[in-house]
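J.: Sequence:
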Amino acid sequence: MSVSTSPDPQAVGEALPALSQVQRASELLKAITDPTRMRILSALQMGELCVSELSRVVGMSESAVSHQLRVLRNTRLVAGRREGRLVYYRLADAHVGAILQAALEHASE
Numbered sequence: 001m002s003v004s005t006s007p008d009p010q011a012v013g014e015a016l017p018a019l020s021q022v023q024r025a026s027e028l029l030k031a032i033t034d035p036t037r038m039r040i041l042s043a044l045q046m047g048e049l050c051v052s053e054l055s056r057v058v059g060m061s062e063s064a065v066s067h068q069l070r071v072l073r074n075t076r077l078v079a080g081r082r083e084g085r086l087v088y089y090r091l092a093d094a095h096v097g098a099i100l101q102a103a104l105e106h107a108s109e
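Numbering follows UniProt numbering, in which position 43 of the sequence shown is assigned residue number 43; successive positions increment by one, without gaps.
The set of hints was computed from the structure by calculation and includes no laboratory data. Watch out, some of these pointers could steer you wrong.
[Said to hold, decoys possible] For each label pair, taking beta carbons as the anchor points, the in silico distance ranges come out as:
| hint | residue 1 | residue 2 | range |
| --- | --- | --- | --- |
| 1 | Ala15 | Val87 | 39 to 45 Å |
| 2 | Ala98 | Val57 | 19 to 25 Å |
| 3 | Gly59 | Lys30 | 21 to 27 Å |
| 4 | Ala64 | Ala15 | 38 to 44 Å |
| 5 | Gly13 | Arg73 | 15 to 21 Å |
| 6 | Leu19 | Glu105 | 28 to 34 Å |
| 7 | Ser108 | Arg85 | 37 to 43 Å |
| 8 | Thr5 | Gly59 | 50 to 56 Å |
| 9 | Glu105 | Val12 | 26 to 32 Å |
| 10 | Arg70 | Leu104 | 21 to 27 Å |
| 11 | Pro7 | Met46 | 39 to 45 Å |
For glycine and all other residues, C-beta sits at the position ideal for the given N, C-alpha and C.
Sequences and hints are given; from them, build the entire structure.
T.: Rendered as structure tokens:
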């Protein structure tokens, strides 16, 4: 017969992330959970794209894509760089791609 050991509640409480960090992570996950935004992020995993290119890739109007990109920018999931009149978007960092990939792999199990 095995004896189950529970973690010390005080140690668990001390190891929890700060509430502000949890709130920020929650905002990021909410932004990612939208299917359209997830498709945009998936497209950006392959490289930088401008709004018109993303519009064609995901089959939505440029204004709809721009709206979704605004949400993704506000949560710092994507970043942009201006080249003349165009803004090229990319994933903000490797963590975004890793989170997206983990979610997609988990969904396919």
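J.: Taking the numbered hints from earlier one at a time, note which ones the structure violates and give those numbers from smallest to largest.
T.: 5
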